[in-house]
Each structure stands twice: as structure tokens, then as C-alpha cells.
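Colleague: Sequences and hints are given; from them, build the entire structure.
2 protein chains.
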Amino acid sequence: MRAVAVIGIGKTAFGAFPDRDLRSLAVEAGRNALQDAEVEPGRIEAFYLGNFAGPSFVGQNHLAPYVAGALGITGVPATRFEAACASSGSAFFHAVSAVGAGLYDIVMVGGVEKMTSQPTPKVAEILAGAGDTNGEGKAGATFPALFGMIARRHMYQYGTTREMMAAVAVKNHANGAKNPLAHMRKTITMEQALNGKPVADPLTVYDCSLVSDGAAAVIIAPLEFAKRAVRILGIAQTSDYLALDSKADITTFEAVRKAGEKAYKMAGLGAADIDLAELHDCFTIAEIIATEDLGFAKKGEGGPYVLSGATCLNGERPVNTSGGLKAKGHPVGATGVGQICDIVQQLRGDAGERQVRKNSIGLAQNLGGSGATAVVTILGEAR
Amino acid sequence: MRAVAVIGIGKTAFGAFPDRDLRSLAVEAGRNALQDAEVEPGRIEAFYLGNFAGPSFVGQNHLAPYVAGALGITGVPATRFEAACASSGSAFFHAVSAVGAGLYDIVMVGGVEKMTSQPTPKVAEILAGAGDTNGEGKAGATFPALFGMIARRHMYQYGTTREMMAAVAVKNHANGAKNPLAHMRKTITMEQALNGKPVADPLTVYDCSLVSDGAAAVIIAPLEFAKRAVRILGIAQTSDYLALDSKADITTFEAVRKAGEKAYKMAGLGAADIDLAELHDCFTIAEIIATEDLGFAKKGEGGPYVLSGATCLNGERPVNTSGGLKAKGHPVGATGVGQICDIVQQLRGDAGERQVRKNSIGLAQNLGGSGATAVVTILGEAR
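Listed in order, the protein sequences are those of chains C and W. Going by the numbering used here, 298 is the number at position 298 of the first sequence; the sequence numbering is gapless. Going by the numbering used here, 135 is the number at position 135 of the second sequence; the sequence numbering is gapless.
Take these hints with a grain of salt, some might be off.
Claimed, not checked - Mimicking DSS-like on lysine-lysine, the simulated pairs with C-alpha atoms at most 25 Å apart in a straight line are:
| # | chain 1 | residue 1 | chain 2 | residue 2 |
| --- | --- | --- | --- | --- |
| 1 | C | LYS122 | W | LYS265 |
| 2 | W | LYS122 | C | LYS138 |
| 3 | W | LYS358 | W | LYS265 |
| 4 | C | LYS122 | W | LYS358 |
| 5 | C | LYS299 | C | LYS262 |
| 6 | W | LYS358 | W | LYS178 |
| 7 | C | LYS247 | C | LYS298 |
| 8 | C | LYS186 | C | LYS197 |
| 9 | C | LYS358 | C | LYS298 |
Keep in mind the hints are simulated off the structure, nothing from the lab.
Modeller: Written as C-alpha cells, this is what we have:
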């Protein structure tokens with residue numbers, strides 16, 4: 001494997017944009033990434049696009065050449081990757097693997113989702129397609145219900161409290177308020193977070209990530225090609241069963257644990273080396289579990305860990321300095337590449353008001369469904 | 001690039017199967033491929049699944065780990081590829097590239113679609129998502145309408161006749177009748193083909209491929225690992241604009257031409273070396289154009305070429321000995337890998353009643369939408 005680097009990033013704001021269509025969002029992010037990398041579209045040798053449910057949300061499929069053509073990229077492989085909420089994480093994994101193996105030199109990875117044109121019950125139904133629709137779906141278990149069960153079990157097994165989950169929301173809203181591209185730029189208090197409108201017991205509206213429109217893109221290339229780059233030190237994608245009832249233990253995501261293990265091994269690093277992370281907080285409990293599965297906290301101690309302030313902007317290991325899925329927003333297919341952009345910004349020292357001081361190694365973790373797909377990326381060596 | 005081979009194939013019958021769900025079809029094909037390759041599921045290092053519109057047809061997304069888990073494949077990358085009707089061709093391209101580059105040794109590529117549970121108007125709407133829905137879709141142009149325009153232009157520009165298109169249908173039905181796994185196992189006469197029910201002028205029902213359920217899978221590995229294998233000599237995926245009105249000439253598919261050129265170059269071969277081919281006959285005119293774009297006939301002479309009998313089972317270069325999308329059936333996401341299985345069967349000499357004599361080099365061509373994605377694969381050196 002050659003050393004591979006992110007040489008350009010591009011994002012749109014995340015939010016509800018009734019006047020924007022899916023393609024215009026993806027094209028904006030792609031153009032920003034090309035500009036940032038100082039690369040012409042004609043030099044892109046392959047295009048990887050993560051998108052979860054364009055056909056269901058906006059009726060458009062075959063999205064990779066659809067977006068690539070509008071960016072001026074034709075005549076090369078243009079492929080859509082779907083892995084639920086880890087769609088663009090998966091696209092990124094495949095792109096990095098291909099460049100690392102020498103198949104291409106310069107490629108673009110994009111991620112996009114346009115969700116807010118559908119009414120909420122329809123959004124919930126489309127999202128439920130990321131779980132086992134024959135079992136969980138037929139039982140009426142939408143994703144808040146599934147993560148509600150996960151949260152309840154974590155509380156029972158480890159003594160995790162609603163305060164600990166609320167601490168995730170308070171922290172991520174505080175960070176999102178500092179991110180000009182975040183969907184929800186407002187701080188919330190612990191009091192508010194604890195008294196949110198119930199969604200699926202024990203989760204309230206403050207435990208759930210946002211339904212957003214948005215796109216993100218990166219350009220990757222061999223490290224030696226790059227003037228300004230952040231190196232990919234380790235990366236892995238793994239899979240597990242879709243249905244919660246197929247898993248031995250629902251308080252851990254085996255796919256995340258394994259992807260973390262592989263990515264750490266590839267990087268020659270361990271949890272202690274990670275300075276900051278973007279973790280997949282589709283629900284507050286998911287961030288707590290991710291801190292455990294990736295070794296930042298011991299099993300069962302992810303709750304006390306967030307409550308200690310360790311993952312705050314000025315803590316020992318800031319988590320979701322972007323605001324996370326909770327406050328930055330969660331346009332499903334854009335989330336994985338969006339996380340990479342956010343880590344790259346921090347490692348470059350370009351994160352503005354939310355810049356953290358200790359920032360040489362960052363980790364991004366992207367989760368699909370209730371843990372059937374996981375992608376973990378470790379980035380560092382900015383120059 | 002290491003030499004890569006197909007070491008196992010598995011197919012389901014293609015047809016309308018009201019009692020089968022998507023996963024059971026994909027699992028049947030996958031198990032058949034594992035058995036054929038004599039490989040245990042635990043040895044599969046990555047799973048690539050082509051599927052066009054599972055979420056729209058059956059409400060299930062996140063399909064790769066969903067199918068992989070049921071096959072006993074977990075803890076490895078499991079990813080869904082979507083590129084319209086070239087979805088599993090694209091999955092196959094990425095898998096071959098990864099194994100060739102040394103990223104994995106043994107991987108599985110599957111393709112699946114379950115279409116017949118939706119009523120015909122809904123199927124047409126879902127399929128229209130592979131074209132430009134903002135332009136073509138809003139104008140009411142479904143795929144038969146788009147290929148009707150392509151056919152009309154080809155007739156105008158080159159003198160192609162309805163008889164020439166009908167000859168494709170008659171040939172492919174004759175082949176399908178010999179294929180025990182084909183959706184439509186009946187021969188048709190030229191008379192019947194010329195008097196079919198109109199669909200989109202000049203195309204009749206006999207010019208259009210079938211709406212089918214079905215799945216296919218292959219196991220690929222480095223050539224040196226294989227006892228019984230068919231080598232992949234050349235492969236390429238390319239892209240073009242979605243909308244017909246973005247193309248300079250709608251009587252040729254630039255993406256197919258380019259993919260063919262790249263695949264020939266990689267194989268060190270030319271059109272004259274190809275003994276037989278599976279071409280993407282979503283409509284009869286598409287097979288005619290493919291014979292031109294791949295150099296079997298000169299531009300504009302694909303019609304006379306099929307009429308000459310050259311592409312019949314006992315012709316100089318048999319095309320769609322499986323029955324093609326026209327008679328074998330077209331479960332969209334399964335088609336690309338299904339074509340690979342069919343070529344491998346011929347090269348192994350296992351094609352039964354439809355076995356062709358001269359069979360050392362075969363080509364498969366998989367088309368997405370009205371030409372925005374193309375994958376061309378050249379296979380040979382069976383042992």
C-alpha cells in the first residue's frame with residue numbers, strides 16, 4: 001500500500017434547503033473540494049459517491065454519473081456506494097484502498113443526501129430500510145426505537161444514566177453553535193436536554209440526530225503528490241448482521257470494534273494516540289458506545305467518560321468538535337465524508353472557533369444502521 | 001495487477017417468483033457459487049453486491065451486509081454498488097480491481113433484483129430513476145421511450161429496419177428456449193416479432209427485455225489459487241452523462257466504446273479475437289448498437305450483421321447464447337454478474353444445449369441507463 005492523503009475537502013452547509021436539489025448540493029461540495037485541492041475535473045480518474053436513499057427521497061437513482069457529469073467528470077468509473085448511514089464512509093474506504101493499491105492517482109469521493117423534501121413519517125420509513133425490514137420493520141421498530149432498546153440495555157447493564165446521554169447532546173450542541181456550516185447552531189442546557197419531548201423511551205428529541213440536506217467531498221491522492229495534505233494512517237470497513245436480535249450483545253457494535261482494531265493496527269497506533277475524533281452520534285447513546293468500542297473508555301464507562309468533560313472542546317480528547325450528527329446535522333449519505341472533512345480541518349488548524357490545540361492524530365467513525373456496517377479512519381501527519 | 005480468475009459461479013432461475021424474497025434469491029446464488037468454487041463462507045474477504053433498487057422494489061436497503069450475514073459472511077467489508085442496470089457489472093469491476101491489486105485474495109460478487117412484486121406502472125417509474133428524472137422523467141420519457149428515440153434515430157441515420165431489430169428478438173428467444181434458467185423459454189417467429197403490441201414507437205413488446213426476479217454470484221481469486229478457473233483478461237468501467245440530450249450522438253454509447261477500448265487494451269486483444277459475447281440487450285436496438293460500439297460490426301452495420309446470422313448460436317460470433325435480457329430475463333441488479341456466469345459456463349464447456357464450439361475468448365457488456373455507465377469484461381483461458 002502506498003501512503004494516501006486527503007489533498008482537498010469541500011462541504012456544503014448542512015440544513016433544510018427547500019430550494020436546493022440533490023445534484024446542486026453534491027456539485028457544490030465537489031467543486032469546493034476541487035478548488036481546495038487545486039485540481040481540474042479532467043484529472044479525476046474515478047468518482048466514488050456515497051448516497052443512502054436518493055431514489056426514495058427524491059426519485060433519482062444512478063447518482064454517481066449524474067453528479068460526475070455535472071462536475072465535468074466523464075469517461076471514468078463513477079460509482080454509487082450504499083451502506084446505510086455509512087454510505088460515504090464506505091465510498092471513502094474503497095477509494096483509499098484503490099489509490100493505496102496503485103489503481104488510480106487522483107480520485108474524488110463525495111457524499112450527499114437530500115432528506116427534507118419528504119414528510120417525517122416517510123423519512124422514518126425510508127430510514128427503517130437500513131434495518132431488517134422483514135423483522136424489525138414489520139414490528140414497527142424505527143431507528144429511534146432500536147436505539148432506545150440499546151440505550152435501555154446499556155443503562156441496565158452498566159448504570160448509564162439519562163444525564164450521561166444528555167451530556168453528549170449539550171456538548172455537541174455547544175460545538176455545533178461554533179460551526180458556521182452546522183444545521184443547528186444553538187446551545188442547549190442540561191435542563192433542556194433532560195426535559196425533551198419523548199421520542200422512543202428513554203430517548204428524547206435531544207438524543208436524536210437531525211434530518212438534513214447536505215453534501216461533502218474530498219480529493220485523495222498518493223501522499224508524495226501532495227503539497228498540502230493530511231495522511232490516511234489507517235482505515236477499515238467491516239460488517240455484521242442487520243437485525244439487533246442476531247447480535248450476542250447490543251451494548252457494543254462488533255463491527256466498530258473490529259474496524260477500530262484493524263485501523264489501529266494499520267496505523268501502528270492505539271486509542272491513547274488519538275487526539276480528537278468524529279464519532280457517529282446518530283443517537284447520544286451511539287457516541288457513548290463508540291467511545292467504548294474504540295477504546296477511549298472502558299466497556300460500560302462511556303457514560304461517566306462524557307460526563308467527566310473529557311470529550312469537550314477543551315477536554316483531553318475532544319469528540320465531535322463539528323457538532324456531530326446531533327447538531328451539525330445528518331444528511332445520511334454525506335455524513336461519512338463530512339466527518340473526514342471535519343477531521344482534516346482540525347489537523348490543518350483551520351477549524352476556527354472550534355479548533356482544538358492537541359491535533360496531530362484524528363479518528364472518524366461512521367456507522368451504518370444499528371451496526372451492520374462500520375468504517376473507521378485514522379488521519380494524521382498534516383502538512 | 002495480478003492475474004484474476006472466476007473460480008466459482010452460481011445463479012438462480014430468472015423469472016417471476018411471488019413466493020421468494022430478495023434475500024433468499026441472493027443467498028441461493030451465493031451458496032451455489034461457494035459450492036461451485038469449493039470455498040467456505042469464512043474464507044470470503046470482501047463481499048460486493050450489485051443491486052439497483054431494492055429499497056424501491058421491496059423496501060429493503062443496506063443490502064450487502066443483509067445478504068452477507070445470511071450467507072455466513074460477517075466481519076469483512078460488505079458493500080452495495082448501484083449503477084442502474086450495470087450495478088453488478090460495477091460491483092464485479094471493483095472486486096476484480098481489488099483482487100488484481102492484491103487487496104484481497106478471495107471475494108464474492110453478487111447481484112440481485114426482486115422486481116415483480118410491484119405493478120408495471122410502478123416498475124416503469126422505478127426504472128425511470130436510472131435516467132435524468134428532472135428532464136427526461138418530467139417529460140414522461142420512460143426507458144422504452146428513450147430507446148424508441150434511439151432506435152428511430154438509428155433507422156434514420158443508418159437504414160436500420162424493424163426486421164433487423166426483430167432478428168435480435170427471434171435469435172435471443174431461440175437461445176433462451178435452450179436455457180433451463182431463462183425467464184421465457186419459448187421461441188418466436190419473425191412474423192410474431194414484427195407484429196408485437198406497440199410499446200414506444202418503433203419498439204414493440206418483442207423489442208423490450210423482461211421484468212424479472214433473480215440473482216447471480218461469482219467467486220473471484222488470483223489465478224494461481226485456482227484449480228478450475230476462467231481468467232479475466234481485460235475489464236473496464238466508464239461513465240457518461242445521464243440525459244440523452246447531453247450526448248453528441250445517440251446512435252452510439254460513448255461509455256461502451258471507451259470501456260471496450262480499455263478492456264481490449266488490457267487484454268491485448270481486439271474485436272476479431274472475441275469468440276462469443278453476452279451483450280446488454282435491454283432493447284433489441286441496444287444489442288445492435290453494442291455490436292457496433294465493440295467493433296464486431298462497422299458503425300451503422302449492426303442491423304445487417306444480426307440479420308446475416310453471424311450472431312446466432314451457430315454463427316461466426318454468437319451473441320447472447322443465454323437468451324440475453326430479452327429471453328433469459330433482466331432482474332436489473334443481477335444482470336451484470338449473470339452475464340459473467342453465462343460466459344464462464346460457455347468457456348468451461350458447460351452450456352449444455354446452447355454450447356458453442358469456438359469458445360476460447362468471451363466478452364460481457366453491461367450497460368447502465370441509456371449509456372451513463374458501461375462495464376466491459378473479457379474472459380478467457382479456461383482450465
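Colleague: Going back to the hint list, which numbers does this structure go against?
Modeller: Of the numbered hints, 1, 4 do not hold.
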